[in-house]
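Novice: Here is what each chain is made of, one letter per residue.
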Amino acid sequence: MASTILEMRDITKTFPGVKALSNVKLMVEEGEIHAVVGENGAGKSTLMKVLSGVYPSGTYDGQIIYRGDECHFKGIHDSERKGIVIIHQELALVPMLSIAENIFLGNEQAKYGVIDWNANETRTSALLKKVGLKEDPNTLITNIGVGKQQLVEIAKALSKEVKLLILDEPTASLSEKDSQALLDLLLEFKRQGITSILISHKLNEVNRVADKVTIIRDGRTIETLAKKDISEDRIITSMVGRSLDDRYPPREPKIGETVLEVKNWSVYHPIHAERQVIKGINLNARKGEVVGIAGLMGAGRTEFAMSLFGRSYGRRITGEVFLNGKPIDVSSVSKAVEHGIAYVTEDRKTYGLNLIDHIKHNITLANLPGVSRHGVIDDLRELSVANDYRGRTNIRASSVYQMTGNLSGGNQQKVVLSKWLFANPEVLILDEPTRGIDVGAKYEIYTIIARLASEGKAIIVISSEMPELLGITDRIYVMNEGRIVGEMAASDASQEKIMRAIVRGEGKAS
Amino acid sequence: MSTESAPGPQTGVAQDIQQAPRIAVSALVTNLREYGLVLALIAIMVFFQFTTSGTLFKPVNLSNLVQQNSFIIVMALGMLLVIVSGHIDLSVGSVAGFIGALAAMMMVIWPLGPLSNPLVVSIICLIVGGAIGAAQGYWIAYHRIPSFIVTLAGMLIFRGICQALLGGGSSVGPLPVGFKALSSGFIPDLIGPLTLIPPTVNAAGKTIVGSGLTLHLTTIVIGLAAVLAYAYFGLRARRTRERHGYEAEPFSLFVVKTLVISGLALFLVYQFATYRGLPIVLMVMGVLIALFVFVTKRMTIGRRIYAMGGNAKAAQLSGIKTERLTLMVFINMGVLSALGGLIIAARLGQAVPAAGLGSELDVIAAVFIGGASAMGGVGQVIGAVVGGFIMGVMNNGMSIMGVNVDWQQVVKGLVLLGAVVFDVYNKNKA
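Chains P and V, in that order, are what the protein sequence lines are.
Convert by adding 539 to the 1-based position in the first sequence; the result is the number in the working numbering.
Convert by adding 14 to the 1-based position in the second sequence; the result is the number in the working numbering.
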């Protein structure tokens, strides 16, 4: 049996008013890939912050034993010196610096403070080779995609002679292809003897690479499964504390008249003015219908939705929008909202929420007139609205006065959803509504979508998770390189059919 | 910082009962933090009351204090919105100086006929101030030029115009008495004075010092009415919350808070009443403070400014017209800078080239001492006002003590740093 590289014993961490972790145990053996799974807010990230010293020794109870010694990390530097490197969900790269500069940031190959650029570059090239990234070390971070940025982060970790690599939701913003490459890389590291802890929501990934899985729920360790016992059902059951017979709520669609119709929609890139991002899209959504838009990363789905929503993206936008058969003006966000269109962004932290304000103020922001008279806000009405929507979307928080920045991803998403539900739209565009959200919260979001559809709203769901689209939509558009390359009823659709449409479309779209 | 009393954590009824004492403690802690600033102001006042052997609270000095610092507080109201929306305005001192010069030229030098009437001039000046704010805000809002740069340019430009208008280093005055009343006048005693103790006249026909006590009755009435209104609205808000089943801060805390603030207010009003009544500028300031508290706390436009400062992109995607809102924030700042300039000129009785020089720093310091965040999205009107008074009391107290002006700056700088460090430390702990 391999030796234990890391043991976390009875870790308890409390925040004011909340016990985030209570007696959590985690045993990781040398050379394995150990997955940590759990719902959002279960305490996975907190546990990793304890391990890496983000929460310094003394602010939590319990012991960390790493390679036989008890460790008291005072900060990330302490843990990194011992070879524990954590790669956070939000990448920590400086966009306007090059790959090489980022990799050796704070660890520059220098003599007396003078940087040896040749050494930096040579070492960077070697590291990039290891992670399989074919880019010039002098390329600026801002010029490469998220998938490649992730690889740069990993290369940076390797430069620190990592023994224990912790990846927090590494594939959350990656396309299918990049995710696969990343997982292969993890397996390769395993062969080289690097131990990894993988925090993930994507159970198929866990299934594929993990040697062991530790499940955390409500700040407690539920169980650790060995390879032979790992199955999606078992994990889900432990994660949510009940078995999920069905991952998608049942729904009987009642589809009515066409509500939204978009004709010949074209958009050009905001900076590279000659690049056409959206190329003449025609699309419609009907009352009570859930319409999906499938496609790969970069297919232009978000760009389409945002350009439609008050020209929030792109330039030289042309095309027509009809609501209930009448042409409408959606040239500003407020006009789009007035006409009953709502867009729930894929990036809730940057575009969706005011993280330094509480739930109540966030929920009413898009429809302040709904809680005010002559520009004066009715405090009590606002409070009851906030509480109402908190109940409806099941936001888990101590009260509506909790800062949204302190909520878990799933609950943040529910706040954004509540905000737009309160604006009472006819057409609701949801962009990656379940990204970075755990299974339990996903089901809740699906239920809300189903209920909205049954109330007669037209819903457009943009998602990169094909099973999700197949599970909750009635009709699916397939997008690729700024065009609609396929349309199918969800009942006829399959992952293969969608992929085939994308691949066929790729030939056409040159 | 939110002023709604944040209820303690609660997840279920059973836990509620267990946690009841904890809720009370946590409510106390949150509220203490909120009123910490007021307590600091009181502590500073008491400190100077002792070190100046009682001069600070003398009615004459109180009037002086208000007249010397009111322009800082007036401009701090605008600056709070600027800072909350994520910007800064370095030009306010220069704009105030320029407006003072403009007003003086219009009233004293230029032959404008009936247009040189102080009221007409004041209104024109406020409009010019708004136009200056619009001109600066336009570049900031619609062309995304950093406010720091635009207003730094404005600071140079308007100081230059101010000096040019006044013809180099000379000052222009004296200003009409009616105009000077804005700063040095007192409200008329409409009800009539109330003589508590008739003055004793000695054999030489002189009044014995300290013998007579006459109260400015209108002042007393206004003071009482304000305190009663404050208590009434506070109580009514509590009632409404309770009736709808929402928790409010603990009653004992509410009573203590109301009593302390009312007591302090009544004490100050009484002091004013024994002198010449409430200064006009204090009334102007009071009305503006009430207006801005209302706008930031209760009105949608206020809420939108906070949302924009907290996350501009999210605000924009929620249908808020962030460009127009930014422009309005700067127009407001321009109008208030102009008012500040008028107050300065009225107090000095003339326009001088250096009027308002460096005051932008006092104004910004007041807002940050009051707990606003340099990142935007956080800050309270009352905080900025109290911050302004802290600066004012320190200026005044140290001057009476005879502290050298150079060292006054050092102390003010340290207080600013200390206040912000304390705030940041508190936030990190929470």
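Keep in mind that the hints were calculated from the coordinates and are not lab data.
Check before you lean on any hint, since a few could be wrong.
Said to hold, decoys possible - For each label pair, taking beta carbons as the anchor points, the in silico distance ranges come out as: (1) V:R253 with P:I856: 37 to 43 Å; (2) P:K621 with V:A148: 56 to 62 Å; (3) P:G930 with V:I163: 43 to 49 Å.
Claimed, not checked - Calculated lysine to any residue pairs in the SDA-like style (CA-CA distance at most 20 Å, straight line): (4) V:K327 with V:V122; (5) P:K874 with V:K327; (6) P:K888 with V:K327; (7) V:K335 with P:H878; (8) P:K669 with P:Y651; (9) V:K335 with P:P908; (10) P:K564 with P:C610; (11) V:K327 with P:E842.
All C-beta atoms in this analysis are idealised placements derived from N, C-alpha and C, irrespective of residue type, glycine included.
Novice: Are the hints correct? Go through all of them and say.
Specialist: Here is how each hint holds up against the structure:
no.: 1; hint: V:R253 with P:I856: 37 to 43 Å; verdict: 52 Å, violated
no.: 2; hint: P:K621 with V:A148: 56 to 62 Å; verdict: 58 Å, holds
no.: 3; hint: P:G930 with V:I163: 43 to 49 Å; verdict: 47 Å, holds
no.: 4; hint: V:K327 with V:V122; verdict: 49 Å, violated
no.: 5; hint: P:K874 with V:K327; verdict: 17 Å, holds
no.: 6; hint: P:K888 with V:K327; verdict: 10 Å, holds
no.: 7; hint: V:K335 with P:H878; verdict: 16 Å, holds
no.: 8; hint: P:K669 with P:Y651; verdict: 29 Å, violated
no.: 9; hint: V:K335 with P:P908; verdict: 14 Å, holds
no.: 10; hint: P:K564 with P:C610; verdict: 15 Å, holds
no.: 11; hint: V:K327 with P:E842; verdict: 15 Å, holds
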